[in-house]
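Numbering-wise, the sequence shown is residues 56 to 170 according to the working numbering.
Hint data in this document are derived by calculation from the structure and do not stem from the laboratory.
You may find that some hints are simply not true.
Claimed, not checked - Ranges between beta-carbon positions, derived for each pair: (1) Ala168 - Ser145: 33 to 41 Å; (2) Gly150 - Gln111: 25 to 33 Å; (3) Gln162 - Leu121: 17 to 25 Å; (4) Gly146 - Ser110: 28 to 36 Å; (5) Ser104 - Ser164: 33 to 41 Å; (6) Thr109 - Thr58: 17 to 25 Å; (7) Ile122 - Asp78: 28 to 36 Å.
Stated by the list, open to error - Straight line, CA to CA, 27 Å or less: simulated BS3-like cross-link-like pairs of lysine-lysine: (8) Lys158 - Lys77; (9) Lys157 - Lys77; (10) Lys126 - Lys158; (11) Lys157 - Lys126.
Cβ coordinates follow ideal geometry from the N, Cα and C atoms, glycine included.
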Amino acid sequence: MDTILQRLTDLDEITGALIIGKDGLIVSGALPGDDEEMLGAMSAAVFGSIASYTSQTAHGETQRVLIETDKGSIQFAEAGELILVVTTTSGGNAGRIRIEMKKACRQLSELVAAY
Numbered sequence: 056m057d058t059i060l061q062r063l064t065d066l067d068e069i070t071g072a073l074i075i076g077k078d079g080l081i082v083s084g085a086l087p088g089d090d091e092e093m094l095g096a097m098s099a100a101v102f103g104s105i106a107s108y109t110s111q112t113a114h115g116e117t118q119r120v121l122i123e124t125d126k127g128s129i130q131f132a133e134a135g136e137l138i139l140v141v142t143t144t145s146g147g148n149a150g151r152i153r154i155e156m157k158k159a160c161r162q163l164s165e166l167v168a169a170y
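Whenever a hint applies, use it, and build me the whole structure from the sequences.
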């Protein structure tokens, strides 16, 4: 899993990445200088709240969440039983980030299914 995160954080646009369980526990992390445990718990809460909202409003299952800020974005994507969280710079190639996140989620889902 560390290799998957390394490939993501090697991209210029991506400043950090976390793989968390839906309970908020860190599986693997690459966030420079941040409290990963706190951010993992907060990330699971954000994703869970939005998943509840989409369910309550009959919009189906949440697959991806994008939060845009003046300094970049925070993106969440479901990867089977895990959640991939990525932080980015502003002005990055959004399409490239999305493609790489999809690829990483597919790999993570396959890894978890193998256990």
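These are the hints, each one checked on the structure:
no. : hint                        : verdict
1   : Ala168 - Ser145: 33 to 41 Å : 35 Å, holds
2   : Gly150 - Gln111: 25 to 33 Å : 31 Å, holds
3   : Gln162 - Leu121: 17 to 25 Å : 21 Å, holds
4   : Gly146 - Ser110: 28 to 36 Å : 33 Å, holds
5   : Ser104 - Ser164: 33 to 41 Å : 22 Å, violated
6   : Thr109 - Thr58: 17 to 25 Å  : 31 Å, violated
7   : Ile122 - Asp78: 28 to 36 Å  : 21 Å, violated
8   : Lys158 - Lys77              : 19 Å, holds
9   : Lys157 - Lys77              : 18 Å, holds
10  : Lys126 - Lys158             : 25 Å, holds
11  : Lys157 - Lys126             : 23 Å, holds
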